[in-house]
Amino acid sequence: MSDINSGAGAGRLTLQDDLTIYNAVESKRQLLDAVRAAKTLELDLSQIQEMDSAGFQLLVLAKREAQRLGRSLRIVAHSPAVLEVIEFYNMVAYFGDPVVIPAAARQ
Amino acid sequence: MDEILGVFAIEAREQLEALETGLMQIEQGDRDPEVINAVFRAAHTIKGASGVVEITPIEKFTHVLENVLDRLRNGEIEADGEMITALLKGCDHIGALLAQVEDGQTEPDADLQAAGEAIAGTLRAYTGGTQAAKSGKSGLPDEQAGEVERQAGKDTAMNDCWHISIRFGKDVLRNGMDPLAFLRYLLSLGEIAHITTIADAMPDAEDMDPESCYLGFEINFRSHATKEKIEAVFDFCRDECDLHILPPHSRIGDYMALIETLPEELMRLGEILVKSGALTQEELDEGLVKQQTAAKAAAATESPAPQLGDILVEQKMVQPEIVEAAAVKQKQVGEKKAAEARLIRVQADKLDHLIDLVGELVIAGASANLLAQKSKQGTLVEATSVLSRLVENIRDSALQLRMVQIGETFNRFHRVVRDTSKEMGKELELTIRGAETELDKTVVEKIGDPLMHLVRNAMDHGIEAAAVRAARGKSATGHVGLNAFHDSGSIVIEVTDDGGGLPKEKIRNKAIEKGIISASQPLTDMEIANLIFEPGFSTAEKVTNISGRGVGMDVVRSNIRALRGTVEVHSEEGVGSRFVIRLPLTLAIIDGFLVGVDKSAYVIPLEMVVECMELQETAVDRNYLNLRGEVLPFVRLRELFEVPGDKPRRENVVVVKSGGQKAGIVVDVLHGEFQTVIKPLGALFRHLRGIAGSTILGSGDVALILDVQALAQLAASSEERTLALGGARIP
Numbered sequence: 001m002s003d004i005n006s007g008a009g010a011g012r013l014t015l016q017d018d019l020t021i022y023n024a025v026e027s028k029r030q031l032l033d034a035v036r037a038a039k040t041l042e043l044d045l046s047q048i049q050e051m052d053s054a055g056f057q058l059l060v061l062a063k064r065e066a067q068r069l070g071r072s073l074r075i076v077a078h079s080p081a082v083l084e085v086i087e088f089y090n091m092v093a094y095f096g097d098p099v100v101i102p103a104a105a106r107q
Numbered sequence: 001m002d003e004i005l006g007v008f009a010i011e012a013r014e015q016l017e018a019l020e021t022g023l024m025q026i027e028q029g030d031r032d033p034e035v036i037n038a039v040f041r042a043a044h045t046i047k048g049a050s051g052v053v054e055i056t057p058i059e060k061f062t063h064v065l066e067n068v069l070d071r072l073r074n075g076e077i078e079a080d081g082e083m084i085t086a087l088l089k090g091c092d093h094i095g096a097l098l099a100q101v102e103d104g105q106t107e108p109d110a111d112l113q114a115a116g117e118a119i120a121g122t123l124r125a126y127t128g129g130t131q132a133a134k135s136g137k138s139g140l141p142d143e144q145a146g147e148v149e150r151q152a153g154k155d156t157a158m159n160d161c162w163h164i165s166i167r168f169g170k171d172v173l174r175n176g177m178d179p180l181a182f183l184r185y186l187l188s189l190g191e192i193a194h195i196t197t198i199a200d201a202m203p204d205a206e207d208m209d210p211e212s213c214y215l216g217f218e219i220n221f222r223s224h225a226t227k228e229k230i231e232a233v234f235d236f237c238r239d240e241c242d243l244h245i246l247p248p249h250s251r252i253g254d255y256m257a258l259i260e261t262l263p264e265e266l267m268r269l270g271e272i273l274v275k276s277g278a279l280t281q282e283e284l285d286e287g288l289v290k291q292q293t294a295a296k297a298a299a300a301t302e303s304p305a306p307q308l309g310d311i312l313v314e315q316k317m318v319q320p321e322i323v324e325a326a327a328v329k330q331k332q333v334g335e336k337k338a339a340e341a342r343l344i345r346v347q348a349d350k351l352d353h354l355i356d357l358v359g360e361l362v363i364a365g366a367s368a369n370l371l372a373q374k375s376k377q378g379t380l381v382e383a384t385s386v387l388s389r390l391v392e393n394i395r396d397s398a399l400q401l402r403m404v405q406i407g408e409t410f411n412r413f414h415r416v417v418r419d420t421s422k423e424m425g426k427e428l429e430l431t432i433r434g435a436e437t438e439l440d441k442t443v444v445e446k447i448g449d450p451l452m453h454l455v456r457n458a459m460d461h462g463i464e465a466a467a468v469r470a471a472r473g474k475s476a477t478g479h480v481g482l483n484a485f486h487d488s489g490s491i492v493i494e495v496t497d498d499g500g501g502l503p504k505e506k507i508r509n510k511a512i513e514k515g516i517i518s519a520s521q522p523l524t525d526m527e528i529a530n531l532i533f534e535p536g537f538s539t540a541e542k543v544t545n546i547s548g549r550g551v552g553m554d555v556v557r558s559n560i561r562a563l564r565g566t567v568e569v570h571s572e573e574g575v576g577s578r579f580v581i582r583l584p585l586t587l588a589i590i591d592g593f594l595v596g597v598d599k600s601a602y603v604i605p606l607e608m609v610v611e612c613m614e615l616q617e618t619a620v621d622r623n624y625l626n627l628r629g630e631v632l633p634f635v636r637l638r639e640l641f642e643v644p645g646d647k648p649r650r651e652n653v654v655v656v657k658s659g660g661q662k663a664g665i666v667v668d669v670l671h672g673e674f675q676t677v678i679k680p681l682g683a684l685f686r687h688l689r690g691i692a693g694s695t696i697l698g699s700g701d702v703a704l705i706l707d708v709q710a711l712a713q714l715a716a717s718s719e720e721r722t723l724a725l726g727g728a729r730i731p
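Going line by line, the protein sequences match chains H and E. Heads up: the first sequence at position 10 corresponds to 10 in our numbering, and the numbers run straight through without jumps. Heads up: the second sequence at position 624 corresponds to 624 in our numbering, and the numbers run straight through without jumps.
Among the clues, some could well be false.
Stated by the list, open to error - Restraint-style ranges between C-beta atoms, simulated for each label pair:
hint	chain 1	residue 1	chain 2	residue 2	range
1	E	Asp-204	H	Phe-88	52 to 62 Å
2	H	Phe-88	E	Glu-14	15 to 25 Å
3	E	Ile-344	H	Phe-88	17 to 27 Å
4	H	Phe-88	E	Gln-113	53 to 63 Å
5	E	Asp-171	H	Asp-33	21 to 31 Å
6	H	Phe-88	E	Glu-76	35 to 45 Å
Everything labelled a hint here was simulated from the structure, so no lab data went into it. Using N, Cα and C, we set each Cβ at its ideal position, and we do this for glycine too.
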């Protein structure tokens, strides 16, 4: 499940499910719709418990699509699972978002 | 001997030769890294091969040698004469070990072992005393010696980063595998210094299948592991992804240099890369398959086929500069490649058997031909004539199989000259020309010893001491030359030197003293010089261990005669000598010219026949005739061989030419061309002059093959003698 709040060209998408191969088709649709709907999309990934390479690919795709359309995509919150993958793949700079780790997740 | 050991021995000998040649090039001041690399590679190949066939003594010894070469290659030590001598001794030792392997002995005997230890000791002096890590390797290797090169970088591996380039296949995710898992597993082997994620393969958003994998990675990986081990990490997805593992960037230069110096063998670009360590065989195979598929695709669209190199670069298998170096190399070896691609090894005795059979075929064919002609059936004659033409072709091709270049034999003398030069303190240089001249393998094998005698003689007696040379206004370096070329059905091998030449007076005196000639005998300069081939003749004032035992030259001559060849010397005092060896191209079958005297048949080698004509009755009963204003001495076979019967009304002269000398042979009948299978005469007839061998005619009769050279000389000298006795000296 996810919430999409769009308005005034700015939107926010909070992904609730895991970002894995099992729901990749659904996630792709969600992400792309959100990117296309809003001029500026804020992506909240703090609820993601698990992300694999398929999920990671979708993030890259969304980022690229946003750039192609001249939109902006910002990941405003990472869950530790997401962060771990992005860091492992050395793609933090690619997304260019400030990485904030919730204090609770730190333990 | 085991077949595999046999193959090993042959190949090891080839490598050993390359090793030796390279070492001598280095000694002559060739600092080309290519040469050093070639030498190193040769040693490494011997070591690797001996490891495979489990000849531990050779493996261990070669390892020591290789260590020295490795340091030489890395520029840690400088090559000097002493070191090269030690290395060459090492080569000799490997040769000796190989000889034992060829004898079926895998462990060297005590003497050889001791000798090996001594040489290894000398060699270790060049490897010892470096880093601790090195010293571990400079001793005899442990069980894993065979892996040394693969792990060569191990000592410094902490600074080394492997470069792993991987593109995961589309179905990896769908098959339940995650690139993350592989890469995390990779961490168990080492540390990822840097990783670049590449998702360029991902299509536009619409076409992107979220369940396909589009990811690729360029990884700098710090690890002790071998390439194979790293590869093994990706085993589960190996079939589905493009994986390329490259040794560290810093060593690209090494690989480039290595590629450039690869020995000239048939190697496709990919193989070059495999050899240089930039690629593994698996990658190469993949590359080749890709090239084929790409070529097919290209053929369909009629665009030029992509080069293997492009594909490899595109696939990030190799850095472009490596491919470039390999491509240059490939171009260089291109021509030779084509020739070697069709090379197969055949055992010599199989070839001999084939030649024997062809010989029988020729005789049988001649017999069939004869019968056909007697039968006077046109169609049968036609059929047999076609058959005999084919037999002739088969004969030529079969003989061609036995032809080898003499260059290999010549090249051995570089070493001989070098060693002698060191031993005698003379500066010597060997020049080789005509190395590509071909001759029968049997001849090549048997000519080695006589040549060795001649070359040693040239170095020992021919070339003067440096002081004498300087006094005579010659350069300090003595020149010895080996030259080979074809000349009217024979091969001529010359051994030349620019030394003192033969002292004619001394030879003459010595010959008189030994009773070889009488004091009053008139001799030309040429004849005097050739006295040195007489048995028991040696003019060396002091006997060295190089030559001068007085058994040299006559042995040389008899060896060459055994090959149906001749040897003579041209010499000018103070300027130099030239030994000319003339050998028949082949020993088995020749084109002959069949002639008859009374009922006997004789064969003259066709290549030596210049022309035939009718013998005009001359007023003088002398053995020469006027051939268009030229004096042509001749011999009458009837008289020479004391053939009974009366002279026919008309006699014929066959004009032959041998070694620049023309002569006539007078016979009764000319029968024409005849394919001659040479059968040697028995030992009983060894000293027969004028007869070279025998052959069997189609009718089953025996015909003698004339030794044209001997006859020509006989004709010339008998005429000279007649003139001399008559008081008219030839000037």
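Comparing the hints with the structure gives:
{"no.": "1", "hint": "E/Asp-204 with H/Phe-88: 52 to 62 Å", "verdict": "violated, 26 Å"}
{"no.": "2", "hint": "H/Phe-88 with E/Glu-14: 15 to 25 Å", "verdict": "violated, 51 Å"}
{"no.": "3", "hint": "E/Ile-344 with H/Phe-88: 17 to 27 Å", "verdict": "violated, 54 Å"}
{"no.": "4", "hint": "H/Phe-88 with E/Gln-113: 53 to 63 Å", "verdict": "holds, 57 Å"}
{"no.": "5", "hint": "E/Asp-171 with H/Asp-33: 21 to 31 Å", "verdict": "holds, 27 Å"}
{"no.": "6", "hint": "H/Phe-88 with E/Glu-76: 35 to 45 Å", "verdict": "holds, 41 Å"}
The structure fails hints 1, 2, 3 (numbered hints given earlier, in ascending order).
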